[in-house]
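Undergrad: Sequence:
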Amino acid sequence: MTFDDFIKTAWADHGDQPLAVAERLSHSPQLAQTASQIQAFTRLITHVYGEHLADWDAGIALLQSLPRLTGEPAAASAIAVSTATLKYGRGDQDALASLTPLEQTITLATASSLFAAQQKLAMATDSYSQALMTCTQLIALPDQAPVHRALAVGGSNLAGTLEEQNNRTATETAAMLLAAQSALKYWKLAGTWLETERAEYRLCRSNLQAGLKDEAVQAARRCLEICTQNNAPAFELFFAHALLAIAQKDQNDAFELHRAAAIACLEQVPADEQHWCEAELKELNQ
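For the sequence shown, the numbering used here begins at 187 and goes up steadily by one.
Do not take every clue at face value.
Unchecked claim - Restricting the straight-line Cα-Cα distance to at most 27 Å, the calculated cross-link-like pairs of lysine-lysine (DSSO-like) are:
#, residue 1, residue 2
1, Lys468, Lys435
2, Lys273, Lys194
3, Lys468, Lys399
4, Lys306, Lys273
5, Lys371, Lys399
6, Lys371, Lys306
7, Lys374, Lys194
8, Lys374, Lys399
9, Lys435, Lys399
Said to hold, decoys possible - Listed next, with one range per pair, are the computed distances between beta-carbon atoms:
#, residue 1, residue 2, range
10, Leu443, Pro287, 46 to 52 Å
11, Ala457, Ala240, 19 to 25 Å
12, Met319, Asp400, 28 to 34 Å
13, Glu469, Arg276, 22 to 28 Å
Don't read these hints as lab results, they were simulated from the structure.
These numbers were taken from a predicted model, which means no experiment stands behind them.
Yeah, the Cβ is synthetic: ideal placement off N, Cα and C, and Gly gets one too.
When you get a sec, could you build the whole thing from the sequences and use the hints?
TA: Next up, the structure:
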């Protein structure tokens, strides 16, 4: 198995089998032999050992066992950031002390996702706010810089988690909207049309939760427009049409138009992907 296959399989399996994937990772640090491979490995370790298992010490020990590549500062930085993220997650307040401002931003944004996964919403919100603040102090960065990706992922995860809260405070609602807006901003810098389209989906959902109907419809329209411009597969088009229907549920003609389009797209979605569409389909049929 190649390194890329190993990572791809681990990501595919980790949601249902985090302990099994952690076991695989713990026996495979030697697979990472280049800077890009170490960066990919550290992201997976941080996610599995942090968000899924909260096994801070084991994750830190595994990170420290990764190869140290001479003359590869990106690899060293990736290990340092992931180690600091897990230390910060377990409560080490001095975890950021030795990091550069850029590394601190990545660490704080990533830690926000760890806290959100554990339903530590105040800590998640504070961590992400600090990440945004630290980012404003950085000099101009190239597109697709790791910090942009970290802020995009962190914002999307935080917004999604806050959307699910039944009794959000006004402060949490504001944090949800800021996180969704920031996710869109940074996916435009770090991702492809696919990530940007999905960020518009997230922003629409957050706006709906906040009671901002007009803003929700605008985001849903942008989501569909991006799909149309990029010949998106039926899977993405289903969500775009479903979202626009849901956002306009009080407008019968618009709702039925996009509901019908979503159902038509669903018929073209591969059978093994259709289970992902069940929640939206239920909303369309309510």
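Undergrad: Checking one constraint from the list: CA of Lys371 to CA of Lys399, max 27 Å. Satisfied?
TA: Holds, because 20 Å separates the two Cα atoms, which is no more than 27 Å.
Undergrad: Straight-line Cα separation of Lys468 and Lys399 no greater than 27 Å?
TA: holds, 20 Å
Undergrad: Keeping to a limit of 27 Å between CA atoms, is the pair of Lys468 and Lys435 held or broken?
TA: holds, 13 Å
Undergrad: I want to verify a distance hint. Is the separation of the beta carbons of Glu469 and Arg276 within 22 to 28 Å?
TA: Since the Cβ atoms of Glu469 and Arg276 sit about 38 Å apart, the hinted range of 22 to 28 Å is violated.
Undergrad: Within 27 Å, alpha carbon to alpha carbon, are Lys306 and Lys273?
TA: Measuring from Cα to Cα gives roughly 16 Å; hence the hint holds.
Undergrad: Need the status of pair Lys435, Lys399: alpha-carbon distance at most 27 Å?
TA: holds, 10 Å
Undergrad: Do the alpha carbons of Lys371 and Lys306 lie within 27 Å of each other, as the hint requires?
TA: holds, 24 Å
Undergrad: Please verify whether Lys374 and Lys399 have alpha carbons no more than 27 Å apart.
TA: With a Cα-Cα distance of about 23 Å, the restraint between Lys374 and Lys399 holds, given a limit of 27 Å.
Undergrad: Between the beta carbons of Ala457 and Ala240, is the distance compatible with 19 to 25 Å?
TA: With Cβ atoms ~35 Å apart, the hint is violated.
Undergrad: Within a Cα-Cα threshold of 27 Å, do Lys273 and Lys194 meet the stated pairing?
TA: holds, 26 Å
Undergrad: Is 28 to 34 Å respected by the C-beta to C-beta distance linking Met319 and Asp400?
TA: holds, 29 Å
Undergrad: Can the suggested window of 46 to 52 Å be confirmed for the beta-carbon pair Leu443 and Pro287?
TA: Since the Cβ atoms of Leu443 and Pro287 sit about 49 Å apart, the hinted range of 46 to 52 Å holds.
Checked against the numbered hints given earlier, the structure breaks hints 11, 13 and satisfies all the rest.
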